[in-house]
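Colleague: Residue numbers (the working numbering), protein chains in the order written: chain H, 1 to 115; chain W, 116 to 320.
Mixed in with the good hints there might be a few duds.
[What the hints assert, rightly or not] Residues from chain W shown here face chain H by an in silico Cβ test under 8 Å; the list is partial:
no., residue
1, I124
2, G125
3, S128
4, V129
5, F130
6, F136
7, H279
8, M296
9, L301
10, L303
11, G306
12, S307
13, I308
14, H311
What the hints contain is simulated information worked out from the structure, not anything from laboratory work. C-beta atoms are modelled at their ideal positions from N, C-alpha and C, and glycine is treated no differently.
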Amino acid sequence: MDLIKLAEQTYVEKKDLPSFKAGDTVTVYYKIIEGTKERIQQYQGVVLQRRGVGASQTFTVRKISNGVGVERIFPLMSPKIEKIVVDKIGVVRRARIFYLRGIFGKKARIEEKKA
Amino acid sequence: MSGIIGKKIGMTSVFAADGKFLPCTVIQAGPCIVTQVKTKETDGYDAVQLSFGEKKEKSTPGAMKGHFKKANTTPKRKVVEFKHFPEAPAFGSEIKADLFVEGDFVDVIGTSKGKGFQGVVKRHGFSGVGWATHGQHDRQRAPGSLGASSFPSRVLKGMRMGGHMGVDRKKLQNLQVVKVMAEQNLILVKGSIPGHNGSFVILEK
Chain H
1 MDLIKLAEQT YVEKKDLPSF KAGDTVTVYY KIIEGTKERI QQYQGVVLQR RGVGASQTFT
61 VRKISNGVGV ERIFPLMSPK IEKIVVDKIG VVRRARIFYL RGIFGKKARI EEKKA
Chain W
116 MSGIIGKKIG MTSVFAADGK FLPCTVIQAG PCIVTQVKTK ETDGYDAVQL SFGEKKEKST
176 PGAMKGHFKK ANTTPKRKVV EFKHFPEAPA FGSEIKADLF VEGDFVDVIG TSKGKGFQGV
236 VKRHGFSGVG WATHGQHDRQ RAPGSLGASS FPSRVLKGMR MGGHMGVDRK KLQNLQVVKV
296 MAEQNLILVK GSIPGHNGSF VILEK
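Please build the complete structure, drawing on both the sequences and the hints.
Modeller: Written out as structure tokens, the structure is:
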């Protein structure tokens, strides 16, 4: 087991990622390679969950795009993630807020944490 | 074809430089000791014998003790002969994981996990009966007909049936080497390899 960790350590490059949890609104700056060109795509939404440990950690971001709910799962340690910006810190009572999928509009508001 | 003996440590996943998430198997490859170099003159064929894995001296037969002593090393658990080494290494020398470089394609030979006595569905990929109703009873995973009737009045040889499955020597070809950690003698190959964690495997280039 320790040898596996040793092998993993050579890969996990420590990026100064912000701490965020379910309920927070984040913007993910994701590198996209088109042919030879590289550009950065922004994806803003509410974090539904964080899961996994080590290099295989992922997080799910949900947003409403043209009236359609879109969810995207990002690998947290991916080298394609340029940066993550936390826009709002939300107050929710659970670690996985899948109940957000069933509600929309005013009901889907998340209370913002008071500074 | 050069090769090395290793031990399967386990699986993990790593990010490649292009951002792809690769499932990898960690193998502790070597250091192996060259315990015999066979040549055409003395043995009738060319081969290199490598040994890997520590073993207690008291559980080693006397003949093997002498064999390892000749190579100036301690008793080893796994002894494998490799044919067609590009150039035969010196007797008693060490072969390490740096035999391979990143991007190489290697063949991995291991012993598959034992599955015990298995039926034809798992062992040979039969599809079973298919129906749960329409008069079927207790035969959903049965093999069906074993052959014709009065001619040949027997079951043909080689008919696929249930039986012991697993614990076979399996060779996986063309696995990509993702990373070589020469200091720790670790090799990461892409994908899975046969056998339990901790079992011996043979890597060939």
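Colleague: Identify whether the interface hint at W/G306 stands, where standing means a beta carbon of chain H within less than 8 Å of its own.
Modeller: 15 Å, violated
Colleague: Once the shortest beta carbon distance from W/S128 to chain H is found, is it less than 8 Å?
Modeller: 6 Å, holds
Colleague: Against chain H, run the beta carbon of W/S307 and see if the smallest gap drops under 8 Å.
Modeller: 14 Å, violated
Colleague: Quick check on the hint: W/M296 CB to chain H CB, less than 8 Å?
Modeller: 7 Å, holds
Colleague: Are W/H279 and chain H close enough, Cβ to Cβ, to be under 8 Å, as the hint says?
Modeller: 31 Å, violated
Colleague: Is the interface hint for W/I124 satisfied, with its Cβ closer than 8 Å to some Cβ of chain H?
Modeller: With Cβ-Cβ at 5 Å, under 8 Å, it holds.
Colleague: Holds or violated: is there a CB of chain H closer than 8 Å to the CB of W/F130?
Modeller: 6 Å, holds
Colleague: Under 8 Å is the threshold here; is the Cβ of W/I308 close enough to any Cβ of chain H for the hint to stand?
Modeller: Given a least distance of 14 Å, the restraint on W/I308 is violated.
Colleague: Taking the closest Cβ pair, is W/H311 under 8 Å from chain H?
Modeller: 14 Å, violated
Colleague: Does the CB of W/G125 sit less than 8 Å away from some CB of chain H?
Modeller: Holds: closest Cβ of chain H sits about 5 Å from W/G125, inside 8 Å.
Colleague: Closer than 8 Å between Cβ atoms is the bar; does W/V129 clear it against chain H? Give me holds or violated.
Modeller: For W/V129, the interface hint holds, since the closest Cβ of chain H sits about 4 Å away, which is under 8 Å.
Colleague: Tell me if W/L301 is really an interface residue toward chain H, meaning its C-beta lies closer than 8 Å to one of theirs.
Modeller: Because about 6 Å separates W/L301 from the closest Cβ in chain H, which is inside the 8 Å limit, the hint holds.
Hints 7, 11, 12, 13 and 14 from the list above are not met by this structure, while the remaining hints are.
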